[in-house]
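K.L.:
Each chain, letter by letter, is given below.
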Amino acid sequence: MEIISLKDIHKTYPPDRGGKPVRALKGIDLEVAKGTIFSIIGPNGAGKTTLISIMTTLLFPDDGTGTVCGFDLRHKAGKIREIVNVTSGNANFTDNFSVAENLNYYGMLYGMAGEARRTKIAGLIEMFHLQAFRDTPFNRLSTGTKQRLALAKSLMNDPKVLFLDEPTVGLDPQISESIRINLKEMNRKEGLTIVLTTHNMDEAEFLSDRISFLQAGKIIAEGNPTELKRKIRWGDVIRIRYNGPSFDPCHLSSLDGVLEVDVNDGLITVRVDDHNKRLDPLTRMVLSEGDLLLQDIELIKPDLEDVFLELAKTPHSN
Amino acid sequence: MSFLNLRKHLIQINAFAFKNWLITRKRVFHLVEIIFWPFISLVSVGLLTRFLGVDSKMIEFVLIGVIAFSVIQIGQSDMAYVILYSIWNKSLKHEMAAPINAFHLIAGSWVMGLFHSSIVFLLMCVFSSLLFHLNFFASGMARLFLFFTGLIFFAASVGISVCALAFRFGGRAHVGATSLVSVLILLSGIYYPVEVLPKPLSHVAYFIPLTHFLEYFRSFYGFVPKSPHPLLWGFLLTAIYNFIAFCLLCRAIRNARQKGTLVTMSE
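Chains as they are written, first to last, in the working numbering: chain A, 1 to 318; chain B, 1 to 267.
Honestly, the hints are just simulated from the structure, not real lab data.
Computed from a predicted structure; not experimentally measured.
Just so you know, even glycine gets a beta-carbon here, dropped at the ideal spot from N, CA and C.
Treat each hint with caution, since some may be false.
[Stated by the list, open to error] List time: in silico DMTMM-like cross-link candidates among lysine to aspartate or glutamate, alpha-carbon distance up to 25 Å:
hint	chain 1	residue 1	chain 2	residue 2
1	A	Lys277	A	Glu205
2	B	Lys8	A	Asp72
3	B	Lys90	A	Glu166
4	B	Lys8	A	Asp158
5	A	Lys218	A	Asp202
6	B	Lys259	A	Asp158
7	B	Lys259	A	Glu82
8	B	Lys259	A	Glu166
9	A	Lys79	A	Asp63
[Said to hold, decoys possible] FRET-style restraints, in silico, Cβ to Cβ:
hint	chain 1	residue 1	chain 2	residue 2	range
10	A	Thr65	B	Leu4	27 to 33 Å
11	B	Leu201	A	Ser5	53 to 59 Å
12	B	Arg172	A	Ala113	35 to 41 Å
13	B	Val183	A	His10	37 to 43 Å
14	B	Leu201	A	Gly27	51 to 57 Å
15	B	Asn5	A	Asp72	17 to 23 Å
[As the list claims (entries may be wrong)] Examples of chain A residues lying across from chain B (beta carbon under 8 Å, computed):
hint	residue
16	Glu101
17	Tyr110
18	Asp135
Generate coordinates for the entire structure from the input sequences, incorporating the hints supplied.
P.N.:
Written out as structure tokens, the structure is:
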């Protein structure tokens, strides 16, 4: 069952001081199933924030229709705001209000009554380990603590859909990891639907049930992580340098998890779905050829740019 | 509207009053604006009248203007700061993602404006009585109450307009606030009767509710109002301007959602 449905959404920003209008979204169709984690990934300027802003009704689309939790984006925006929440990386709050005061203020904005609000705030402070910062002003918090406050705020109204715009941007790996685990748990335990944008492929893969690639205002690929890896040959690259006679790549193509093999001048380049699973059988097979002498093995994880270059080469449908 | 719905709206209105209260408590500068400047203005103008040797009637005329203007200034700035602080802190996006509307915003901030203005109004009345022998209470409490009510409702027109400017122009709107208030000083007869203005401007002055409220209250100190019903005109114009300003604010918020400025103001 779809909790979000967008059809042919267009958005153009008016020209800024003599510039040209910016076409941020060019006909987005999107469906998000209830209880899933959906990631939108793309380079800077792809339209990710615009798309998430439209879904949270912070921005109205120029054309197209859409519903969130069954409510129309334009005509029932107030209803949508009651049952969703949003936060972003580097979120800002009133700088000299403490953690508790900021949460109290947002609880009131969502119309929560006194006792329920206080109980909720206490629970969120505990959940995000903010006890020590309860009375600390926002401008004295570290980046990681600010982000934990932002996440706590985004759960204030028990949203049905949580929108996160690059929630781990600028955070150190340890905090990012704990935030990812928090999100995964909220999704698993409470069935919370999460829509997030990210630059981080590993984050998208770890969290997401489905992923959309957005480029220049268009979705150029969509699917679950496995489907997408298969579709765009997104995976890890193992490079094996060897000495010996020429090698027949057909041997390796038959192995499980191998997406692509290229043999060229003493270098075997193999793209696999997961190097942890495939490295061992791969090297065993290469060594079984007998006459080969392995010189070097190199593991390469493709970055976002690789994937986008790959996607940009050929047209992809949703 | 059900009781639960009404309660929810009241909590949402209270959110902005709460925010304003915290701003006042935590920002010394804001407290200075509320208390310090009005008193500086009252004392300096009062001493100026003493230096110029004007009669007591003229002192009453000028001090009524100074106190009325302080009420407007405090009332409107409390409303404007609720939005301006969000813009300066880049938190507007998160606040506007909540299910609040223009009415919650202005009602909550106006309540705090009313609270601050009431305190300052009473203090200034007492102070001017002690220092300059202006008996503000001579006209009776009911008339004083009507005068203050008119001022604080008109302050809402200015405050809502500044909020609308803030949604349109961002943090630069405080320039608009200063400009709007400066126009009031010039046109609405705070320090001098509007008759001394050039003819076209004195006509414009009567489109400003403050002019009528001042004429109403000064009439109890021996100044004859131009219109027979200054209070009625003041409230009528205030109601019209509040309605127009509210429509402008709703439109500014809608435009900010359409043009994306709501998001860019928070980046």
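K.L.:
Take the hints in turn and mark each one as holding or not.
P.N.:
Here is what the structure says about each hint:
{"no.": "1", "hint": "A:Lys277 with A:Glu205", "in the structure": "holds (16 Å)"}
{"no.": "2", "hint": "B:Lys8 with A:Asp72", "in the structure": "holds (22 Å)"}
{"no.": "3", "hint": "B:Lys90 with A:Glu166", "in the structure": "holds (17 Å)"}
{"no.": "4", "hint": "B:Lys8 with A:Asp158", "in the structure": "holds (16 Å)"}
{"no.": "5", "hint": "A:Lys218 with A:Asp202", "in the structure": "holds (22 Å)"}
{"no.": "6", "hint": "B:Lys259 with A:Asp158", "in the structure": "violated (29 Å)"}
{"no.": "7", "hint": "B:Lys259 with A:Glu82", "in the structure": "holds (22 Å)"}
{"no.": "8", "hint": "B:Lys259 with A:Glu166", "in the structure": "holds (22 Å)"}
{"no.": "9", "hint": "A:Lys79 with A:Asp63", "in the structure": "holds (20 Å)"}
{"no.": "10", "hint": "A:Thr65 with B:Leu4: 27 to 33 Å", "in the structure": "holds (31 Å)"}
{"no.": "11", "hint": "B:Leu201 with A:Ser5: 53 to 59 Å", "in the structure": "holds (58 Å)"}
{"no.": "12", "hint": "B:Arg172 with A:Ala113: 35 to 41 Å", "in the structure": "holds (37 Å)"}
{"no.": "13", "hint": "B:Val183 with A:His10: 37 to 43 Å", "in the structure": "holds (42 Å)"}
{"no.": "14", "hint": "B:Leu201 with A:Gly27: 51 to 57 Å", "in the structure": "holds (55 Å)"}
{"no.": "15", "hint": "B:Asn5 with A:Asp72: 17 to 23 Å", "in the structure": "holds (21 Å)"}
{"no.": "16", "hint": "Glu101", "in the structure": "holds (6 Å)"}
{"no.": "17", "hint": "Tyr110", "in the structure": "holds (6 Å)"}
{"no.": "18", "hint": "Asp135", "in the structure": "violated (12 Å)"}
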